[in-house]
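**Q** Each chain, written out:
Protein chains: 2
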Amino acid sequence: MKEIQIQKNVLSKNDEIAAGLRRVFAEKSLLVLNVLSSPGSGKTTLLEKTARALGSSLRIAAIEGDLRTDRDAERIRKAGVKAIQINTGRGCHLDANMIAGVLPQLDLDNLDVLFIENVGNLVCPAAFDLGEDAAVLLVSVAEGDDKPAKYPTAFLKADLLVLNKIDLQPYTNFCTQRFREDVAKVKPSITTLVMSATKEMGLEPWFQWIQSKVAQKKQSSTR
Amino acid sequence: MKEIQIQKNVLSKNDEIAAGLRRVFAEKSLLVLNVLSSPGSGKTTLLEKTARALGSSLRIAAIEGDLRTDRDAERIRKAGVKAIQINTGRGCHLDANMIAGVLPQLDLDNLDVLFIENVGNLVCPAAFDLGEDAAVLLVSVAEGDDKPAKYPTAFLKADLLVLNKIDLQPYTNFCTQRFREDVAKVKPSITTLVMSATKEMGLEPWFQWIQSKVAQKKQSSTR
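Protein chains in written order, with the numbering used here: chain G, 1 to 223; chain E, 1 to 223.
Hints may contain errors.
What the hints assert, rightly or not - Straight-line Cα separation of at most 30 Å, DSSO-like style, residue types lysine-lysine; simulated pairs: (1) Lys157/E with Lys187/E; (2) Lys8/G with Lys13/E; (3) Lys187/G with Lys213/G; (4) Lys185/E with Lys82/G; (5) Lys2/G with Lys13/E; (6) Lys13/G with Lys8/E; (7) Lys8/G with Lys8/E; (8) Lys2/G with Lys2/E; (9) Lys2/G with Lys157/E; (10) Lys157/G with Lys2/E; (11) Lys78/G with Lys185/E; (12) Lys28/E with Lys218/E; (13) Lys2/E with Lys13/G; (14) Lys218/G with Lys13/G; (15) Lys218/G with Lys49/G; (16) Lys199/G with Lys199/E; (17) Lys13/E with Lys13/G; (18) Lys78/E with Lys185/G; (19) Lys157/G with Lys49/G; (20) Lys8/E with Lys2/G; (21) Lys82/E with Lys185/G; (22) Lys2/E with Lys8/G; (23) Lys185/E with Lys213/E; (24) Lys28/G with Lys213/G.
What the hints assert, rightly or not - Residues of chain G placed beyond 10 Å of chain E at every Cβ, according to the derived structure: (25) Glu16; (26) Gln105; (27) Asp109; (28) Asp129; (29) Ala184; (30) Ser189; (31) Gly202.
Quick caveat, the hints were computed from the structure, so don't treat them as lab data.
Just so you know, even glycine gets a beta-carbon here, dropped at the ideal spot from N, CA and C.
Chain G with its partners taken away, still in its complex shape:
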């Protein structure tokens, strides 16, 4: 019981900090996307491709969450945008306080989109609000079609679902219909984009989604 209470306190403290972040992001008309997935579903590759495709029309930055190494931040920097690496050590997710801690390194007045790439984990990140406008959940075809039923909390948190590595489908037993049926049971309202980030297949709807979200954010701030 004591542990449950502590957990509740941690979450309520996180929510408080996240609410503060959300106010800052609103003031700055900055679209913030919290990107979640299992390890190796293709988050960093998707952000690299996005930075290269949209970097000339949108001002982009990224915060990269990993237990160790700054490899992901390095990859994103090579794609031409500013990236800050947070190492969580043994920590299984980013929290709002970690985001607040690195914000001073970003020029928020001169940004349109901030991607937060969470630690690769389909469980813990779902419980922690980072003040984002939307959570984007990536699932790779190689992970199997049973993930929505088995990891519902991540799907419930998600505002957009990306089914990635679709180029691998012919070599796996992934059934798109089973996947869609399971998604519909957990979160019927969600939009699913099907793509292969590595092979640059199906990226256009993703770019359009980001651009419309940026436009919405700017509009809501100027009202």
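Use these hints to put chain E onto chain G, whose structure you have.
**A** For chain E alone, coordinates are given in the frame of chain G:
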């Protein structure tokens, strides 16, 4: 600081229960394997194939950890062995107390191997001893070759490393040499078995490893 202390207390309580489990498993000469991986790396498929291949020569049971559903236990039962499902809800790993809670459902006197399939997660399960003889870590080729450097705690905990879904390698940019170099930096002593459980490639060394572990366990208990 208070949270860190609570976390230490949780882990020390877990270690105490795990030590008790380890004594029970030793008395019963029962080999216990804690199987870890990201979501969708192929743990359940490997256990299905193992149950079918070794079920006639070894007495096998499985404990399946998932947030929700009893799909994995159902799959294992269809392969002909007893399987108990633990649903963790929002919990990101199994702990020793959960294992202790379901042990009465197993006839420990008539078992040679107990597989514990942990929740799909490359972070949290690494911190919780379940009283196992060995931790087996699965990584799928589709997850990329950078996992050892980015998730070192799981690799440090592992006693055996399984590189799965090798049949997908031609369709990915996975580099076996980079993977091996990263593994060698984190845990140079570890044995790596390369396989495709789905395609039943490279399973024989895995079966032999289990059989030799069972023999060792029986021998150490009769000394």
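**Q** Does Glu16/G really sit off the interface, with its C-beta more than 10 Å from all C-beta atoms of chain E?
**A** Answer for Glu16/G: holds, closest chain E Cβ roughly 16 Å.
**Q** Find the nearest Cβ of chain E to the Cβ of Gln105/G and say whether that gap is larger than 10 Å.
**A** Given a closest Cβ separation of 22 Å, the condition holds.
**Q** Straight-line Cα separation of Lys28/G and Lys213/G no greater than 30 Å?
**A** At roughly 14 Å apart (the allowed maximum being 30 Å), Lys213/G and Lys28/G satisfy the hint.
**Q** Measure nothing beyond the straight line between the CA atoms of Lys13/E and Lys13/G; if it is 30 Å or shorter, mark the hint as holding.
**A** 26 Å, holds
**Q** Has the given pair, Lys218/G with Lys49/G, been kept, meaning a C-alpha gap of at most 30 Å?
**A** 24 Å, holds
**Q** Taking only the CA atoms, is the gap from Lys78/E to Lys185/G under or equal to 30 Å?
**A** This hinted pair holds, its Cα atoms lying about 25 Å apart.
**Q** Holds or violated: are the alpha carbons of Lys2/G and Lys13/E at most 30 Å from each other?
**A** Roughly 14 Å separates the two Cα atoms, so the pair holds.
**Q** Does Lys185/G sit within 30 Å of Lys82/E, going by the straight-line distance between their CA atoms?
**A** Holds - the C-alpha atoms of Lys185/G and Lys82/E are around 29 Å apart, at most 30 Å.
**Q** Straight-line Cα separation of Lys8/G and Lys13/E no greater than 30 Å?
**A** 21 Å, holds
**Q** For the pair we were handed, Lys8/E and Lys2/G, check the Cα-Cα distance against 30 Å.
**A** Given that 30 Å is the threshold and the Cα spacing comes to 14 Å, the pair holds.
**Q** With the threshold set at 30 Å, check whether the alpha-carbon distance from Lys157/G to Lys49/G stays at or below it.
**A** Holds - the C-alpha atoms of Lys49/G and Lys157/G are around 24 Å apart, at most 30 Å.
**Q** Since Asp109/G was said not to touch the interface, does its Cβ keep a gap of more than 10 Å from each Cβ of chain E?
**A** Asp109/G is indeed farther than 10 Å from all Cβ atoms of chain E, at 32 Å.
Every hint, counting from the list given before, is met by this structure.
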